[in-house]
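A.B. asks: Sequence:
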Amino acid sequence: MNDFEVHRQYAEDDEVEVLSLPYKDVSYGFIPCRCSNSEELFTQVTIPKMKIETDFDLKQALMNMGVTEVFSDNADLSGIASDPPLKVSEAAHKAIIEVDEEGTTAAAATLFKIVPMMAIMERPKLFVADHPFMFLLTKNNNPLFIGQFV
Numbered sequence: 001m002n003d004f005e006v007h008r009q010y011a012e013d014d015e016v017e018v019l020s021l022p023y024k025d026v027s028y029g030f031i032p033c034r035c036s037n038s039e040e041l042f043t044q045v046t047i048p049k050m051k052i053e054t055d056f057d058l059k060q061a062l063m064n065m066g067v068t069e070v071f072s073d074n075a076d077l078s079g080i081a082s083d084p085p086l087k088v089s090e091a092a093h094k095a096i097i098e099v100d101e102e103g104t105t106a107a108a109a110t111l112f113k114i115v116p117m118m119a120i121m122e123r124p125k126l127f128v129a130d131h132p133f134m135f136l137l138t139k140n141n142n143p144l145f146i147g148q149f150v
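For the sequence shown, the UniProt record's numbering gives the first residue as 1, with consecutive numbering after it.
Hints were generated in silico from the structure; no laboratory data involved. Do not take every clue at face value.
[Said to hold, decoys possible] In silico SDA-like pairs for lysine to any residue, Cα to Cα no more than 25 Å straight-line:
| id | residue 1 | residue 2 |
| --- | --- | --- |
| 1 | 59 | 146 |
| 2 | 59 | 85 |
| 3 | 51 | 92 |
| 4 | 139 | 105 |
| 5 | 51 | 129 |
| 6 | 87 | 67 |
| 7 | 94 | 134 |
| 8 | 49 | 135 |
| 9 | 87 | 55 |
| 10 | 87 | 66 |
| 11 | 59 | 78 |
| 12 | 139 | 53 |
| 13 | 139 | 149 |
| 14 | 49 | 105 |
| 15 | 51 | 136 |
| 16 | 94 | 70 |
| 17 | 49 | 98 |
Using the sequences and the accompanying hints, generate a full structural model.
C.D. replies: Dropping the structure here:
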């Protein structure tokens, strides 16, 4: 488990707790909190170490959305290469996210380390992710990764 204390945006109701964990580069965030009832609280955070990998065959999904010509013999990819004619034979997506005491690694690129603030005396709100939860990694409020830890 990763355990640290920080000032972060926090919101809760009867069914959910939301905690924002921004990185040094504030354009990135882990579980962004834009809730109307959120407030900045000193929070003791405990989240599990985790590594989640997923593979997804995009070809069928793209074809189901009507993107079919690039996979056919009629594909016009002459902007890439004119000789020989090209078509797309496969499309796949692989995502990896790992959270440990060193920080967050996503798609084999380290984003930013979470650094605890020191010498703060107020009593922290306890946030312990010792149950299944969803997470969202963003950059400039655009989702990069969304997943669940079970």
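A.B. asks: Against this structure, judge whether each hint is valid.
C.D. replies: Here is how each hint holds up against the structure:
1. For the hint linking residue 59 to residue 146, the alpha-carbon distance of about 21 Å falls within 25 Å, and the restraint holds.
2. Taken as a hint, the residue 59 and residue 85 pair is honoured in the structure, with Cα atoms around 19 Å apart against an allowance of 25 Å.
3. Taken as a hint, the residue 51 and residue 92 pair is honoured in the structure, with Cα atoms around 20 Å apart against an allowance of 25 Å.
4. Restraint check for residue 139 and residue 105: satisfied, since their Cα atoms lie roughly 14 Å apart, inside the 25 Å limit.
5. The suggested pairing of residue 51 with residue 129 holds, with an alpha-carbon distance near 15 Å, which does not exceed 25 Å.
6. A threshold of 25 Å between alpha carbons decides the hint, and for residue 87 with residue 67 the separation of about 12 Å falls inside it, so the pair holds.
7. A hinted pair counts as satisfied when its Cα atoms are at most 25 Å apart, and residue 94 with residue 134 qualifies at roughly 19 Å.
8. At roughly 13 Å between alpha-carbon atoms, residue 49 and residue 135 fall within 25 Å of each other, so this suggested pair holds.
9. Taking the CA atoms of residue 87 and residue 55, the gap is near 22 Å; set against the 25 Å cutoff, the hint holds.
10. Note on residue 87 and residue 66: the hinted pairing holds, with a Cα-Cα distance of about 16 Å set against a maximum of 25 Å.
11. Taken as a hint, the residue 59 and residue 78 pair is honoured in the structure, with Cα atoms around 20 Å apart against an allowance of 25 Å.
12. Among the hinted pairs, residue 139 with residue 53 is consistent with the structure: their alpha-carbon atoms are about 20 Å apart, no more than 25 Å.
13. Pair hint residue 139 plus residue 149 holds up; C-alpha atoms about 20 Å apart against a cutoff of 25 Å.
14. The hinted pair formed by residue 49 and residue 105 meets the criterion: a straight-line CA distance of about 12 Å does not exceed 25 Å.
15. Between residue 51 and residue 136, the direct Cα distance comes to roughly 14 Å. Compliance with the 25 Å bound is thereby established for this hinted pair.
16. Restraint check for residue 94 and residue 70: satisfied, since their Cα atoms lie roughly 21 Å apart, inside the 25 Å limit.
17. Between residue 49 and residue 98 the CA atoms are separated by roughly 8 Å; this keeps the pair inside 25 Å, and the hint holds.
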